[in-house]
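Q: One letter stands for each residue in the lines below.
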Amino acid sequence: MDKEFTTVSIPTSLYKKIEEAVKGTEAGSVANYITKVLRESLSKQETAPEVFSKEDEEKIKERLKALGYID
Amino acid sequence: MIQPHGGKLVDRVLRGSPKDEALERAKTLPRIILDAESVSDVENIANGVYSPLEGFLGKADFRNVLNQMRLANDLPWTVPIVLDVTLQEAARFKVGGEILLANEGGRPVALLTLQEAYDYNKEEMAEKVFNTLDKAHPGVAKVMTMKDVLLAGPIDLIQESPTPFDRYKLSPKETRILFKEKGWRTVVGFQTRNTPHNGHEYVQKAALTFTDGIFINPVIGKKKKGDFKDEVILASYEELIRHYYLKERAVMAILQMEMRYAGPREAIHHAVIRKNFGCTHIIIGRDHAGVGSYYPPYAAQDIFEEFPDLGIVPLFFRAFYYCKKCRSVVNEKICPHPPADQIQYSGTKIRDMLVKGEIPPPELMRPEVAKIIMGFKEPFND
Numbered sequence: 001m002d003k004e005f006t007t008v009s010i011p012t013s014l015y016k017k018i019e020e021a022v023k024g025t026e027a028g029s030v031a032n033y034i035t036k037v038l039r040e041s042l043s044k045q046e047t048a049p050e051v052f053s054k055e056d057e058e059k060i061k062e063r064l065k066a067l068g069y070i071d
Numbered sequence: 001m002i003q004p005h006g007g008k009l010v011d012r013v014l015r016g017s018p019k020d021e022a023l024e025r026a027k028t029l030p031r032i033i034l035d036a037e038s039v040s041d042v043e044n045i046a047n048g049v050y051s052p053l054e055g056f057l058g059k060a061d062f063r064n065v066l067n068q069m070r071l072a073n074d075l076p077w078t079v080p081i082v083l084d085v086t087l088q089e090a091a092r093f094k095v096g097g098e099i100l101l102a103n104e105g106g107r108p109v110a111l112l113t114l115q116e117a118y119d120y121n122k123e124e125m126a127e128k129v130f131n132t133l134d135k136a137h138p139g140v141a142k143v144m145t146m147k148d149v150l151l152a153g154p155i156d157l158i159q160e161s162p163t164p165f166d167r168y169k170l171s172p173k174e175t176r177i178l179f180k181e182k183g184w185r186t187v188v189g190f191q192t193r194n195t196p197h198n199g200h201e202y203v204q205k206a207a208l209t210f211t212d213g214i215f216i217n218p219v220i221g222k223k224k225k226g227d228f229k230d231e232v233i234l235a236s237y238e239e240l241i242r243h244y245y246l247k248e249r250a251v252m253a254i255l256q257m258e259m260r261y262a263g264p265r266e267a268i269h270h271a272v273i274r275k276n277f278g279c280t281h282i283i284i285g286r287d288h289a290g291v292g293s294y295y296p297p298y299a300a301q302d303i304f305e306e307f308p309d310l311g312i313v314p315l316f317f318r319a320f321y322y323c324k325k326c327r328s329v330v331n332e333k334i335c336p337h338p339p340a341d342q343i344q345y346s347g348t349k350i351r352d353m354l355v356k357g358e359i360p361p362p363e364l365m366r367p368e369v370a371k372i373i374m375g376f377k378e379p380f381n382d
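Residue numbers (this note's numbering), protein chains in the order written: chain A, 1 to 71; chain B, 1 to 382.
Just so you know, the hints here were simulated from the structure itself, not pulled from any lab data.
A couple of the hints might just be wrong.
With a cut-off of at most 30 Å between alpha-carbon atoms, the simulated BS3-like pairs for lysine-lysine come out as follows [to be verified]:
{"id": "1", "chain 1": "A", "residue 1": "Lys36", "chain 2": "B", "residue 2": "Lys59"}
{"id": "2", "chain 1": "B", "residue 1": "Lys59", "chain 2": "B", "residue 2": "Lys205"}
{"id": "3", "chain 1": "B", "residue 1": "Lys333", "chain 2": "B", "residue 2": "Lys225"}
{"id": "4", "chain 1": "B", "residue 1": "Lys225", "chain 2": "A", "residue 2": "Lys59"}
{"id": "5", "chain 1": "B", "residue 1": "Lys147", "chain 2": "B", "residue 2": "Lys247"}
{"id": "6", "chain 1": "B", "residue 1": "Lys180", "chain 2": "A", "residue 2": "Lys61"}
{"id": "7", "chain 1": "B", "residue 1": "Lys223", "chain 2": "A", "residue 2": "Lys54"}
{"id": "8", "chain 1": "A", "residue 1": "Lys59", "chain 2": "B", "residue 2": "Lys8"}
{"id": "9", "chain 1": "A", "residue 1": "Lys61", "chain 2": "B", "residue 2": "Lys205"}
{"id": "10", "chain 1": "A", "residue 1": "Lys65", "chain 2": "B", "residue 2": "Lys247"}
{"id": "11", "chain 1": "A", "residue 1": "Lys44", "chain 2": "B", "residue 2": "Lys182"}
{"id": "12", "chain 1": "A", "residue 1": "Lys44", "chain 2": "B", "residue 2": "Lys180"}
Here are some, though not all, of the chain A residues that point toward chain B, as calculated from beta-carbon distances under 8 Å [to be verified]:
{"id": "13", "residue": "Glu4"}
{"id": "14", "residue": "Val8"}
{"id": "15", "residue": "Glu20"}
{"id": "16", "residue": "Lys23"}
{"id": "17", "residue": "Glu26"}
{"id": "18", "residue": "Gly28"}
{"id": "19", "residue": "Val30"}
{"id": "20", "residue": "Lys36"}
{"id": "21", "residue": "Glu40"}
{"id": "22", "residue": "Leu42"}
{"id": "23", "residue": "Ser43"}
{"id": "24", "residue": "Phe52"}
{"id": "25", "residue": "Arg63"}
{"id": "26", "residue": "Leu64"}
Cβ coordinates follow ideal geometry from the N, Cα and C atoms, glycine included.
Looking at chain A on its own, in the form it has when it is part of the complex (with noise of 0.2 Å):
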């Protein structure tokens, strides 16, 4: 069996309040917008941009070039 899920601890009066924001909502229920909410957080934390090497990014405009893709 699949542990897909655990138990995390928020005080119960935030709880509530979730409970009723949640009401009539596509979340449904607390643990869904908790993990909504998480997710969307987590996935706006900054990363390091991508970095080609200057190689391989003069290679790749050749041949973007003979392709017809750039000028």
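Using the hints provided, position chain B relative to the given structure of chain A.
A: Just chain B now, with coordinates in the frame of chain A:
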């Protein structure tokens, strides 16, 4: 530039002496012959199209993809990328050892370092991925013919297998540099498996109005009977772009990959792939990646609600039609006229006209595009 899925563009292509050494080792390794679709999967893993995958899914990822539509590390991933072999084949391989993956012509493609071999339930896989067990669904039919054991582990690409469409093939690294060269900060991806009619063009241009560029990305590879042949799709798009798009705003390159017809799950898969190509947005229309009537028309849009962390923005479009009163392409939100004034963009209708040798009316399809399609003796898959 948008981050690749998982933060890093995978590059598992062997070059120089590591490639030569791999080719030498390959001579004595046990081998698996891959069909063309699995070869495409291997190349897509190696070139970063499927980033962050570095190989075929292991059991933990596979189970999580089926049950949660995410990899075991919680990253959105909806379509299992797996390699199936028979029990007899699996018995020949040792965990930790290398296996040569060759194409149907026997040409070495890649090395797989075996991490795991595991069994799985085909019915469970089919039902979870395709939401049906109907064997008339092409995806279900394929899963039911899969072999009994799945192999997992990282792959290293030795060489790509040539196809007739290689000049249209760009890797994510190449498209990212291309978009940068063009100065595009926002790029909308358009997935297609069809020749373009005016409804497609309208959607693309509506999206392009809000982005710097459009990346038209036809799926080339195994499709179902009656779909347009790959060469017809490419020729018709080239003609459309030549006549009706600004060269500095539109780019077309292919995605060599099998259509799975997994509807909503596949829409997410397509979005992840376009994110890896460097797209910031993706167009999701009616019944994206659907087949028959297995999925509600807008299920492929609704599913995005479950993925706030996808990292690419979906642009949802309703079905478009031509309104004779408005004299333009419209949809139900913007046109007040009754159905009698509408001309629907029906793929079947356009196909029937083309088969009969009739040029579709210009409200449906650009005459230049129709002419190109009709120039092919057999434009459809048998």
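Q: Hints first: check each against the structure and report whether it holds.
A: Outcome of the hint check:
The suggested pairing of lysine 36 of chain A with lysine 59 of chain B holds, with an alpha-carbon distance near 25 Å, which does not exceed 30 Å. Taking the CA atoms of lysine 59 of chain B and lysine 205 of chain B, the gap is near 42 Å; set against the 30 Å cutoff, the hint is violated. Proposed proximity of lysine 333 of chain B and lysine 225 of chain B is contradicted: the alpha carbons are some 34 Å apart, above 30 Å. Of the pairs offered as hints, the one joining lysine 225 of chain B and lysine 59 of chain A is violated, with about 39 Å between alpha carbons and a cut-off of 30 Å exceeded.
A threshold of 30 Å between alpha carbons decides the hint, and for lysine 147 of chain B with lysine 247 of chain B the separation of about 46 Å lies outside it, so the pair is violated. Between lysine 180 of chain B and lysine 61 of chain A the alpha-carbon distance is near 11 Å, which keeps this suggested pair within the 30 Å criterion. About 39 Å separates the Cα atoms of lysine 223 of chain B and lysine 54 of chain A, which puts this hinted pair outside 30 Å; it is violated. The hinted pair formed by lysine 59 of chain A and lysine 8 of chain B meets the criterion: a straight-line CA distance of about 20 Å does not exceed 30 Å.
A threshold of 30 Å between alpha carbons decides the hint, and for lysine 61 of chain A with lysine 205 of chain B the separation of about 27 Å falls inside it, so the pair holds. Distance check on the hinted pair: lysine 65 of chain A and lysine 247 of chain B sit about 14 Å apart at the alpha-carbon level, within 30 Å; holds. A threshold of 30 Å between alpha carbons decides the hint, and for lysine 44 of chain A with lysine 182 of chain B the separation of about 26 Å falls inside it, so the pair holds. Of the pairs offered as hints, the one joining lysine 44 of chain A and lysine 180 of chain B holds, with about 22 Å between alpha carbons and a cut-off of 30 Å not exceeded.
This hint holds: glutamate 4 of chain A has a C-beta 6 Å from the nearest C-beta of chain B, less than the 8 Å allowed. Annotation: valine 8 of chain A was flagged as interfacial toward chain B, and the flag is violated, the nearest CB pair being 14 Å apart, outside 8 Å. Hint status for glutamate 20 of chain A: violated, given a least beta-carbon distance of 21 Å to chain B, over 8 Å. Annotation: lysine 23 of chain A was flagged as interfacial toward chain B, and the flag is violated, the nearest CB pair being 18 Å apart, outside 8 Å.
The criterion of a C-beta within 8 Å of any C-beta in chain B is met by glutamate 26 of chain A, whose closest approach is roughly 6 Å, and the hint holds. With its C-beta approaching chain B no nearer than about 11 Å, glycine 28 of chain A sits outside the 8 Å limit, and its interface hint is violated. Interface restraint check: valine 30 of chain A against chain B, minimum CB-CB distance 16 Å, threshold 8 Å, status violated. Interface restraint check for lysine 36 of chain A: the shortest CB-CB distance to chain B comes to about 5 Å, inside 8 Å, so the restraint holds.
Among the interface hints, the one on glutamate 40 of chain A holds; its C-beta lies about 4 Å from the nearest C-beta in chain B, closer than the 8 Å criterion. Given the 8 Å rule on beta carbons, the hint for leucine 42 of chain A holds: about 7 Å separates it from the nearest Cβ of chain B. Interface hint at serine 43 of chain A: satisfied, since its Cβ lies 3 Å from the closest Cβ of chain B, which is below the 8 Å cut-off. Nearest Cβ of chain B to the Cβ of phenylalanine 52 of chain A: about 7 Å, under the 8 Å cut. The hint holds.
For the restraint placing arginine 63 of chain A at the interface with chain B, the shortest Cβ-Cβ distance is roughly 7 Å, inside the 8 Å limit, so the hint holds. Using the Cβ-Cβ criterion of 8 Å, the hint placing leucine 64 of chain A at the interface with chain B is satisfied: the shortest such distance is roughly 6 Å.
Hints 2, 3, 4, 5, 7, 14, 15, 16, 18 and 19 from the earlier list are contradicted by this structure; the remaining hints agree with it.
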